[in-house]
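Chemist: Chain order of the listed sequences is A and B. Residues 1 to 151 (this note's numbering) are what the first sequence spells out, left to right. Residues 1 to 867 (this note's numbering) are what the second sequence spells out, left to right.
Hints may be right or wrong, so weigh each one.
[Claimed, not checked] With a straight-line Cα cutoff of 20 Å, these simulated DMTMM-like cross-link-like pairs (lysine to aspartate or glutamate) come out:
1. B:K864 x B:E813
2. B:K417 x A:D16
3. B:K417 x A:D41
[What the hints assert, rightly or not] For each label pair, taking beta carbons as the anchor points, the in silico distance ranges come out as:
4. A:D131 x B:N375: 46 to 56 Å
5. B:H206 x A:L93: 53 to 63 Å
6. A:G103 x B:G126: 13 to 23 Å
7. A:L93 x B:G126: 30 to 40 Å
8. B:A67 x A:G103: 41 to 51 Å
9. A:L22 x B:N522: 40 to 50 Å
10. B:D820 x A:M63: 27 to 37 Å
11. A:G96 x B:D820: 49 to 59 Å
12. B:L723 x A:L22: 46 to 56 Å
13. A:R124 x B:K127: 36 to 46 Å
14. B:A481 x A:G103: 56 to 66 Å
15. B:K127 x A:A140: 38 to 48 Å
16. B:G117 x A:D131: 47 to 57 Å
17. A:M63 x B:K127: 27 to 37 Å
It is worth saying that the hints were derived from the structure and are not from the lab. We put the CB at the ideal spot given by N, CA and C, even for glycine.
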Amino acid sequence: MDIMDEIRDLSRKYPDRRGALLPALYVVQKEAGWLSQEALDTVSRALNLPQATVKGVATFYAMYKHRPMGRHLIQLCTNVACMIMGAERLVDLISGRYGLEPGGTTDDGRFSLVIMECIGACDRAPAMLVDTDFHADLTADNIFEILEKYE
Amino acid sequence: MIKVTIDGRDVELEHPVTVLEAARKAGIEIPTLCYFEGLSPFGGCRLCLVEVEKLPKLQTSCTLMTADGMVVRTETEQIRAARRSMLEFLLINHPLDCPYCDKAGECELQDLVARYGPEAGRFAEGKRRHPESFDDPIIVRNMERCVLCTRCIRMCSELQASYSISVTGRGSHSFVEPFSGGRYDCEYCGNCLTVCPVGAIMSRLHRHSYRPWFVEKETETVCGFCGVGCSMVLQMRENSIIRAIPRRGVGFNEGLLCARGRFGYEYVEGGEELTTPLMRVDGELRQVSWEEALSFTARRLGEIRDEFGGGAVGAVASGRCTNEDNYMLQKLMRFVIGSNNIDSAARNYYAPAQIYLERIFGQGITANLIPGIANSDGVFVAGGDPTAINPILGLKIRAVWRSGGRVVVLGVPGGLKRFVPYELIPVPYSEEIVLSAIVGRLLERKPPGGANAALEAKLRDLRIPSDDELGSTGVSPEDVARVSEDLSSMSTPVVVIGPDMVQRRRASKSLFLLGAIAYLTNARIFLLADRPNYQGLLDMGCLPELLPGGRPVELEMFRHKAEEALGMKVPEQRGLNLFEMIDGAESGRLKALYVMGENPVFNLPDGVRVEKALGSLDLLVVQDVHLTETARLADVVLPATAWPEKEGTYTNLERRLQRVRKARRGKMASYGREDWRILADIAGRLGMTKTYQRVEDVWEEVMHVSALHTGLGYEEMDGGRALWPYYGEPLRGMEGDFTVEGLDGLPEVPAPERPYLMIERPLYHSGTFSRRSKALLAIQPGPYLKMNPELARRHGLTGGDKARISNGRGVLELEVRLDDDMPDNQVHVANTFEGFAAMRLAGFGTDPVTGALYMDDNTVRVEKVLR
Ligand code: SF4
Ligand code: SF4
Ligand code: SF4
Ligand code: FES
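In isolation and in its complexed conformation, chain A is listed as follows (with noise of 0.2 Å):
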């Protein structure tokens, strides 16, 4: 289906169309891995909503990204429990390993990194999101077993 269709059905799940602008959002965000000026363009021309307001928008949420990302996006919690259970530690191994800062993209493409405050997972700390799938109880051990399921 074309993604202005999927847009508009969407949108009809909603009492108005600026209900449906986040998971918009997320349907165009899923083709690139970012939104690019032209897939908010599409959101609004799909949305008949003003191309500002979805700019604005979507520059408010951390989880709408703006410019390329890797084919994976790592997201790891260094907030307070994380951070005492040693995932700082976790980001050094992964920029040691990839080469990969936090904020930055291997230059393979094949990840990027971002640093998350909390992802609810405090019972099970460290944790990450690497796209959409949840990893808690990390260690030194198993964090690259993980990743390299990630082509």
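Please build the complex by placing chain B with the ligands on the supplied structure of chain A, with the hints as guidance.
Modeler: Chain B with the ligands only, in chain A's frame:
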């Protein structure tokens, strides 16, 4: 009744308002930053904090509603300390580059800091960096200065309803930006500039050219671009306009302007104004003295009158000249030269439409208040985009939508696209069938009430199309049902009629149908006017058949009254209209034409023919500010003053009389003379004995001659209070006397092979003046050929290509602009840019019933220009 105590003062309120409003009402000033009258409250800056007894914390008075018994204090040490802290926070990031900032001197942040402090900030962090953006030709953006009050955004979305800017990013990283991040590509109303309290968004037009306290003089005047007639203040320094700004409380536009009004004033200082009269000597226009030009003009006019009779002379009046100018031209023609041949470009649609509607309903039927549109619960628009033709009126239609009303547009909705629930775009020239079907549905729903017998009699004869017959229009019976349902659900509807419903064959029928819709739904009618003084042309008698006051010249009673009032004679027969004058010039029957403030060669269809006709006149006099296409053909060119140098009055499309005031005087003023003065001079040389010292003298005569304007002096007009009905008498007894062409038939919908050429009316340009404004040209530098992608594809074109359009009347080469919203089989070109007279390519005729212009034979061949 709500009673509150503010700073020890008792305030009684009828309705609950905010504490801030209650305090202002009581004359107590509470400082604010994010609050702006007319915009929704935001509560973001926290400068308006007040103490309220029994509430533990300070409250933002701009959002807190009053409640009975509330005790409020607005200036205590605690409040002052809080305000100081808020300002300290704002100054963490604010660059404090005041010496370099154009806003300094009228900056609200600067004023607040001066009042509350802090003297120094305690934050050592670096400031947010954001390079000033010059991506836009008109608006400079300096986001280091932005205090994130969101006033601009609320203005742009709530009042302008353009939704072009938003807060981008979050928290301390946020800033205001248009979608592109660079150019605004918005409606360029500049209303966001008005509300920005600091120097974060500013006009580039006068950047670093002044300080606010350099303003030496302010002149309150009325915009010279369209028939809305917005009030504005011209701020002057050394006789040069620094800027044109709106002011809340002045005029009914309540602090709003559109792009043309705000930025378009510059044309008067372009340096291209005529400096001396010109006369054709040996085939060339040469500079001559005023005396030479005036005596020649008067002598030739007199000779032609004496030899061929007054009927051999004609005149074209101007929708951008004042009532006084137009009155004087009319007087020169009718009373001095003895010719009723006077008309104007209002002939194109406004005058015939107005007169026809008045024939149906009575004089003053379209005299409804623009601000009142916003209070109605539904609008039906046909014949043009109000947001481009009359932008501020267009905003009121958007306001209807914002407050939950319905907006229905027949045709391409343009600037109303976001505000219509569905689109209703008939095949070109089938609108009449759709309107008949809508009227049919309305009649089915509710029989008419009997108030207008003549109209109802005609309704009985109206041929209502069957569902099958609707087929050719591209509009489905369901759509028609939906529209009529929407129309009948409106309790205070408005019908807005634009030029495109008039400039077509059988204009009388389209107008009748729109009138019928208004009648059946009990709607107020608005007639769009793309010149500031179209209505004034009618009221001043600049029509072949009407005397001042809109009285028919052919009725002896009225003629005699006018003759008596002036002690001069008028010919009995109606004169020639604009197109008949062109015919007359062609056939040699018309020998002389006096053109004031109009550019017929450019603004009339079939320019080649018009040019040839004007070329064959014995005498062509052109009185204008610039050397226009028409002036280049003239025998005499008389330089006139432009709008900011004029004194007089305009009558807007609501029939509100407003004063135009002279802002420029002295050495910098152009060399032109006021139009009415030039005319009075010539009339004097031709035997008129009356002399005029000031423009008031002219208006006094108008009050004397026009039964409509009796007792309506300049004082009444100040502040725009001169509203219809005036003190004088409207014309009665003509209503009901009208005919409708083709009432019992349905037209054949043409299906030409080639696309139609339609005239686009762009927001940023409206003609001979706007094309000389550097600012408007920076926004839109030139014309383009608008078409939908499908049509483009069929012609092997894509956006940005150069295309040639042509027919027997001419050729134009233009850049293609694709537009998904354009209907099929038509291309649109604006008729506003020098060298691109799109009108030239259209054929025309005059409607036998209304006398309006209709475009005919306006298809063009479209082909790609190969580079
Ligand atoms: S100029 Fe007008 S349309 Fe453009 S951003 Fe400012 S308020 Fe909005
Ligand atoms: S640009 Fe001006 S009006 Fe807009 S949010 Fe910033 S300070 Fe306020
Ligand atoms: S709406 Fe008309 S009168 Fe008002 S500012 Fe714009 S052009 Fe001028
Ligand atoms: S003016 Fe009340 S919070 Fe800004």
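Chemist: Starting from the range 40 to 50 Å, see whether the pair L22 (chain A) and N522 (chain B) falls in it by beta-carbon distance.
Modeler: Once the Cβ atoms are compared, 43 Å apart, the range 40 to 50 Å for N522 (chain B) and L22 (chain A) holds.
Chemist: Starting from the hint 27 to 37 Å, judge whether the C-beta atoms of M63 (chain A) and K127 (chain B) obey it.
Modeler: 29 Å, holds
Chemist: K417 (chain B) and D41 (chain A): Cα distance at most 20 Å?
Modeler: 16 Å, holds
Chemist: Quick check: does the Cβ-Cβ distance between G117 (chain B) and D131 (chain A) fall within 47 to 57 Å?
Modeler: Holds - the Cβ-Cβ distance for G117 (chain B) and D131 (chain A), about 52 Å, lies within 47 to 57 Å.
Chemist: Does K864 (chain B) pair with E813 (chain B) here, judged by a C-alpha cut-off of 20 Å?
Modeler: With Cα atoms ~9 Å apart, K864 (chain B) and E813 (chain B) stay inside 20 Å; holds.
Chemist: Between A481 (chain B) and G103 (chain A), is the Cβ distance one that fits in 56 to 66 Å?
Modeler: 57 Å, holds
Chemist: When you take the CB atoms of G103 (chain A) and G126 (chain B), is the distance between them in 13 to 23 Å?
Modeler: Between G103 (chain A) and G126 (chain B), where Cβ atoms are some 20 Å apart, the hint holds.
Chemist: Given a hinted range of 46 to 56 Å, is it respected by the beta-carbon distance of L723 (chain B) and L22 (chain A)?
Modeler: 49 Å, holds
Chemist: Given the hint of 41 to 51 Å, check if A67 (chain B) and G103 (chain A) actually sit that far apart at their C-beta atoms.
Modeler: The hinted range 41 to 51 Å holds for A67 (chain B) and G103 (chain A), with Cβ atoms some 50 Å apart.
Chemist: Determine whether the Cβ-Cβ distance between D820 (chain B) and M63 (chain A) falls within the hinted range of 27 to 37 Å.
Modeler: For D820 (chain B) and M63 (chain A) the Cβ distance comes to about 30 Å; the hint holds.
Chemist: Holds or violated: 46 to 56 Å for the Cβ distance of D131 (chain A) and N375 (chain B)?
Modeler: For N375 (chain B) against D131 (chain A), whose Cβ atoms are near 53 Å apart, the range 46 to 56 Å holds.
Chemist: So does L93 (chain A) sit 30 to 40 Å from G126 (chain B), Cβ to Cβ?
Modeler: 32 Å, holds
Checked against the numbered hints given earlier, this structure breaks none of them.
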